[in-house]
Amino acid sequence: MFLKFLLRRLLYVIPMLFITTLIVFSLILLIPGDPVLAMLGDSATHEKIAELRQQLGLDQPVMLQYFHWLNNAIHGDLGRSIFTGQHVDEALMQTLSVTMQLVVVGMIFSIVGGIFFAVTSIYFPNSWMDYVARFFGTLGTAIPTFLVAMILIIFFSLKLNWLPATGFTSLIDGPGTFLKGIILPGFSLSLAGIAVITRHLRSSLLETMDADYVRTAYSKGVSRYRAIFKHSLQNAMLPVVTTIGLLFGTALGATVVVENIFAIPGMGQLVVNAIEQRDFTMVQGVVLVMIVMVIVINFITDIVYALLDPRIEY
Amino acid sequence: MSFKTIFQRLMAEKLAFISFIFLAILVIIALLAPYIAPYDPFKQDLSEVMSPPSAKHWLGTDGLGSDIFSQLLNGSQTAIKAALFAILLPLFIGVPLGTLSGYFGGIVDDIFMRIIDGIIAIPAIILALGITSALGVNLWNAMMAIGIIFTPQFARLARGQTLQIRSEPYVEAAKISGAGSVWIMVRHIIPNISPPIVVQASFNLSIAILIETTLSFLGLGAQAPDVSWGNLIQQGYSMIDMNPWMMVYPGIAILLTILAGNFLGDGLRVALDPKQKSS
Amino acid sequence: MNTETPILEVNHLKAYIPSSKGEIKPVNDISFSIKKGEIVALVGESGSGKSVSSLSIMGLNASAIKYRPESSILFEGQDLLKLKEKELRKIRGNDIAMIFQDPMSSLNPVHPIGRQIAESIILHKKVSYKEAMKLALDLLNKVGIPDAERRLNDYPHQLSGGMRQRAMIAIALACNPKLLIADEPTTALDVTIQSQILNLLRDLQKEFGISILLITHDLGVVAETADRVLVMYCGEIVEEGNVEEIFENPGHPYTKGLMDSIPSLYGPSKDILDAIPGIVPNPLELPQGCHFVTRCAFATENCHEDSPTLKKHTSGNRVACWNPLIKEGVEGR
Ligand SMILES: Nc1ncnc2c1ncn2[C@@H]1O[C@H](COP(=O)(O)OP(=O)(O)OP(=O)(O)O)[C@@H](O)[C@H]1O
Ligand code: SF4
Ligand SMILES: [Mg+2]
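Residue numbers (this note's numbering), protein chains in the order written: chain A, 1 to 314; chain B, 1001 to 1279; chain C, 2001 to 2333.
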């Protein structure tokens, strides 16, 4: 049953993958003028130009180019960097895990922080905690990630000297240094997520707190604590799960900013460098991987939702 | 619902109304920036590097002696341009496409929606990076990218609303009485789908400025001679030891503008809600 | 008739909601009692204050609703309105339990039925989860849910409407309460299921001697189930009496109107609006004197000025009306 459900959802993912990859591919069509010249610049040699033209298959019809590109991509071949000649997939492999670690930490902060603020705000209405939560919920989405990151660095690295402002150690290489290095970037990444989850969960909780089944719970003699945590919260979390799934994508986008500010060698840094170097194939590769990640996460979100809500029939 | 009642309701939402005034002033400032800025934002004056706020330089000068206040005014122009693009491009391309697609339905609509869903699934910053990388790095292209990102969102919103309204009895009645599709769309559908679109446009203003300043901060947006608040923050950050205020001013400008867009959106949602009783 | 001391005694219950436009009084000075093993029906149109009255007993009204200090609700001698939240929690679900109108929305959609029953047991009795589940299984059998073992792990959406209400009743019965409050337990159900649920309630009352406060606007339900009837209008009790007397000899014009609107075997039933023309007055603008005066065919001059109070008639009914339809005369207060 569940397997069938998984397959059905998977079937829905495939057209999505098709369309998004097509979009990533067609970015090349946006390049004004001759894309090869645009990528290589005016000083390029004739051999280089011919080589890239060959690599991109630009003399073929567009759809054919796409399928050619897609076929290569599925086999892990995303071409070579125009700038360094490195294989794009290699560069991605080196940076993917770094970005993943950052995003996962950021999402953990977002979820924990969001739930904490939403629940305390509901549990202690009109207390200072409630106001802090609401303030956070309003401000968090209004302050750009780069500003958050810099403010954190100014206070916690430059002024207090508690945490490093730059550098990254992978979790496997040293959990201690990893933690120290990931706190500020992780928090920068999560602020918007905390705000969004706080707001959504708070309004969702306000609704479920008034639900008939919570009144039933009270009529059984449960405490407020139990009514909120055992009856209200679980129901209120359901719509928030979808939001959390979407936030993953936002966080992934924000790694571009955070990695550049904290000098973290992930995909975000890779892509910004690539854009500056007009390394279009590299940009395309990063964008492609990020989008595939987003789609995978949306898929997982759907599954988690179905597991959490017994009303959804597999 | 007349414009007057909407306006009155908006006034009742204090925060939204203040935000509206704030944004209106910002737009005027942005339009007039070249005329009211006391200095050329790039004019260097090495005799007055890093000067504190004074009567001459209201917000002081930066590391090259340029007037920070003038730069801030110029940055508002960039921000408003990006916001306008993020609203107008989707409005003139996304809304008509979504409305047509929803109105006529069928297989074209199905395919169209699939594509729209695909684009929307891509996080805004990532798509913006892809687009600017293809188009080339400059402010114009960054704004283009922002416009492209929001277009499918408006199309989806317009389509969803159109589907609802298409089956309303008064639209059916108009059809039966022989009204043409264009007439129905202009007369019935567009007026009815506008409230949620206006609300969304207000939120877009915030997101557009968020993306514009982020791209500019990364060096992928505004290039000289354009100034972005994102650039200013970047510069301020590099001089944080000498003049922390260089970061504070553009930071506050960004924060207030985004908050204003959000508050206005919240207020408009209430003010334009047809279910709300007119009091 | 049962002459024991009442298990519940509501005295001068006055609930009010302060608001900027004036005070709403959803319940305005009602008094009644329920004896052990008695089924008392509380009837009245929508908005008459039935739910607010019953939720007052549970202490579960919205926080906007306040009580006047002279109000008291005595349950086994304790004033529920004066109890602390913590003490009330020991009574809720344990001594007094409640079932609600819409069994779908009143059951938690993300918890299995068994767990929802067991929760109540664990809260009030010193038993393990396993024992509680075993008791929950017994309860499901008792309320007539077939294949109870399997149903224990079912979620509410997997049950039919009638089943859900049975599950609701099982939750309410989990700790053998002395008083069961049923707020429109059958309104959301089909007619055939309705009478099954009513039969179940009556059987439970017989078997366990539970007292039941049955809230409904359906007099058919009352006739089938109740021993005694309270008729509410605009937050006040306008008539009270034994079920036979009320049905044979309604004293209040409003009660009479309600009777006329019951579908009967002998004649076409009237719509409630034909039987009682007009609408329930706005709670913020209650008419002076008798609140029913705007809709009453028997109204006289003084009805517009003075509020009638409940008076006992020879038939045994208590009626709040200047011109009661029972003409045998008044027998003191
Ligand atoms: N939380 C509340 N806030 C404001 N008014 C309320 C609240 N609860 C009840 N009321 C008002 O109190 C009055 C009585 O409501 P109540 O729910 O007791 O009616 P009822 O007799 O149970 O009606 P129904 O048959 O519709 O359930 C109504 O006028 C209602 O509007
Ligand atoms: S008191 Fe008067 S108005 Fe009220 S019910 Fe009796 S007769 Fe009718
Ligand atoms: Mg009710």
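Since the hints were derived computationally from the structure, they do not count as laboratory data.
Glycine included, each C-beta is placed from N, C-alpha and C at the ideal position.
Just so you know, not all the hints are guaranteed correct.
[Unchecked claim] Below are the DSSO-like pairs computed for lysine-lysine, each with C-alpha atoms no more than 30 Å apart in a straight line: (1) Lys2066/C x Lys2126/C; (2) Lys2021/C x Lys2311/C; (3) Lys2126/C x Lys1014/B; (4) Lys2312/C x Lys2134/C; (5) Lys2125/C x Lys2084/C; (6) Lys2021/C x Lys2086/C; (7) Lys230/A x Lys2021/C; (8) Lys2090/C x Lys2021/C; (9) Lys2082/C x Lys2066/C; (10) Lys2066/C x Lys2134/C; (11) Lys2084/C x Lys230/A; (12) Lys2130/C x Lys2086/C; (13) Lys2090/C x Lys1004/B; (14) Lys2125/C x Lys230/A; (15) Lys2066/C x Lys2130/C; (16) Lys2025/C x Lys2125/C; (17) Lys2125/C x Lys2035/C; (18) Lys2036/C x Lys2312/C; (19) Lys2206/C x Lys2025/C; (20) Lys2082/C x Lys2125/C; (21) Lys2312/C x Lys2025/C; (22) Lys2036/C x Lys2021/C; (23) Lys2090/C x Lys230/A; (24) Lys2082/C x Lys2134/C; (25) Lys2130/C x Lys230/A; (26) Lys230/A x Lys2036/C; (27) Lys2126/C x Lys2036/C; (28) Lys2090/C x Lys2126/C; (29) Lys2126/C x Lys2021/C; (30) Lys2066/C x Lys230/A; (31) Lys2086/C x Lys230/A; (32) Lys1004/B x Lys1014/B; (33) Lys2086/C x Lys2125/C; (34) Lys2126/C x Lys2084/C; (35) Lys2311/C x Lys230/A; (36) Lys230/A x Lys2126/C.
[As the list claims (entries may be wrong)] So the derived label-pair ranges between C-beta atoms look like this: (37) Met1011/B x Leu2074/C: 49 to 57 Å; (38) Thr120/A x Asp2306/C: 31 to 39 Å; (39) Arg1187/B x Ile312/A: 53 to 61 Å; (40) Phe135/A x Pro2018/C: 39 to 47 Å.
Each hint tested on the structure:
The straight-line distance between the Cα atoms of Lys2066/C and Lys2126/C is roughly 34 Å, outside the 30 Å bound, and the hint therefore fails. Taking the CA atoms of Lys2021/C and Lys2311/C, the gap is near 33 Å; set against the 30 Å cutoff, the hint is violated. About 55 Å separates the Cα atoms of Lys2126/C and Lys1014/B, which puts this hinted pair outside 30 Å; it is violated. A distance of roughly 49 Å separates the Cα atoms of Lys2312/C and Lys2134/C; the hinted pair therefore is violated under the 30 Å criterion.
Distance restraint check for Lys2125/C and Lys2084/C: the Cα-Cα separation of roughly 20 Å lies within the 30 Å cut-off, and the hinted pair is therefore satisfied. For the hint pairing Lys2021/C with Lys2086/C, the CA-to-CA distance comes to about 34 Å; that exceeds 30 Å, so the pair is violated. The suggested pairing of Lys230/A with Lys2021/C is violated, with an alpha-carbon distance near 37 Å, which exceeds 30 Å. Proposed proximity of Lys2090/C and Lys2021/C is contradicted: the alpha carbons are some 37 Å apart, above 30 Å.
Between Lys2082/C and Lys2066/C the CA atoms are separated by roughly 12 Å; this keeps the pair inside 30 Å, and the hint holds. Between Lys2066/C and Lys2134/C the alpha-carbon distance is near 40 Å, which puts this suggested pair outside the 30 Å criterion. The straight-line distance between the Cα atoms of Lys2084/C and Lys230/A is roughly 23 Å, inside the 30 Å bound, and the hint therefore holds. Distance restraint check for Lys2130/C and Lys2086/C: the Cα-Cα separation of roughly 26 Å lies within the 30 Å cut-off, and the hinted pair is therefore satisfied.
At most 30 Å may separate the alpha-carbon atoms for a hinted pair to count; Lys2090/C and Lys1004/B exceed this at roughly 56 Å. For the suggested pair Lys2125/C and Lys230/A, the alpha carbons sit about 19 Å apart, so the restraint of at most 30 Å is met. Of the pairs offered as hints, the one joining Lys2066/C and Lys2130/C is violated, with about 41 Å between alpha carbons and a cut-off of 30 Å exceeded. Restraint check for Lys2025/C and Lys2125/C: the C-alpha separation of about 38 Å exceeds 30 Å, so the hint is violated.
Between Lys2125/C and Lys2035/C, the direct Cα distance comes to roughly 26 Å. Compliance with the 30 Å bound is thereby established for this hinted pair. Proposed proximity of Lys2036/C and Lys2312/C is supported: the alpha carbons are some 22 Å apart, at most 30 Å. The hinted pair formed by Lys2206/C and Lys2025/C fails the criterion: a straight-line CA distance of about 36 Å is larger than 30 Å. A C-alpha spacing of about 24 Å is found between Lys2082/C and Lys2125/C, which places the hinted pair at or below 30 Å, so the restraint holds.
Of the pairs offered as hints, the one joining Lys2312/C and Lys2025/C holds, with about 25 Å between alpha carbons and a cut-off of 30 Å not exceeded. This hinted pair does not check out: Lys2036/C and Lys2021/C have alpha carbons roughly 42 Å apart, beyond 30 Å. With a CA separation close to 18 Å, the supplied pair Lys2090/C and Lys230/A stays within the 30 Å bound. Between Lys2082/C and Lys2134/C the CA atoms are separated by roughly 36 Å; this puts the pair beyond 30 Å, and the hint is violated.
A C-alpha spacing of about 19 Å is found between Lys2130/C and Lys230/A, which places the hinted pair at or below 30 Å, so the restraint holds. A distance of roughly 34 Å separates the Cα atoms of Lys230/A and Lys2036/C; the hinted pair therefore is violated under the 30 Å criterion. Between Lys2126/C and Lys2036/C the CA atoms are separated by roughly 26 Å; this keeps the pair inside 30 Å, and the hint holds. Restraint check for Lys2090/C and Lys2126/C: the C-alpha separation of about 13 Å stays at or below 30 Å, so the hint holds.
Restraint check: the Cα-Cα separation between Lys2126/C and Lys2021/C comes to about 49 Å, which exceeds 30 Å; the hinted pair is violated. A distance of roughly 28 Å separates the Cα atoms of Lys2066/C and Lys230/A; the hinted pair therefore holds under the 30 Å criterion. Using a Cα cut-off of 30 Å, the hinted pair Lys2086/C and Lys230/A holds, with the two alpha carbons roughly 18 Å apart. Under the criterion of a C-alpha separation no larger than 30 Å, the hint pairing Lys1004/B with Lys1014/B is consistent with the structure, at around 16 Å.
A C-alpha spacing of about 16 Å is found between Lys2086/C and Lys2125/C, which places the hinted pair at or below 30 Å, so the restraint holds. Taken as a hint, the Lys2126/C and Lys2084/C pair is honoured in the structure, with Cα atoms around 22 Å apart against an allowance of 30 Å. Restraint check for Lys2311/C and Lys230/A: not satisfied, since their Cα atoms lie roughly 49 Å apart, outside the 30 Å limit. Distance check on the hinted pair: Lys230/A and Lys2126/C sit about 20 Å apart at the alpha-carbon level, within 30 Å; holds.
A hinted range of 49 to 57 Å holds for the C-beta pair Met1011/B and Leu2074/C, which are about 53 Å apart. For the hinted restraint 31 to 39 Å between Thr120/A and Asp2306/C, the CB-CB distance of approximately 54 Å leaves it violated. A beta carbon spacing of about 41 Å between Arg1187/B and Ile312/A contradicts the range 53 to 61 Å that was offered as a hint. The beta-carbon spacing between Phe135/A and Pro2018/C, approximately 30 Å, falls outside the hinted interval of 39 to 47 Å.
Of the numbered hints stated above, those contradicted by the structure are hints 1, 2, 3, 4, 6, 7, 8, 10, 13, 15, 16, 19, 22, 24, 26, 29, 35, 38, 39 and 40, listed in ascending order.
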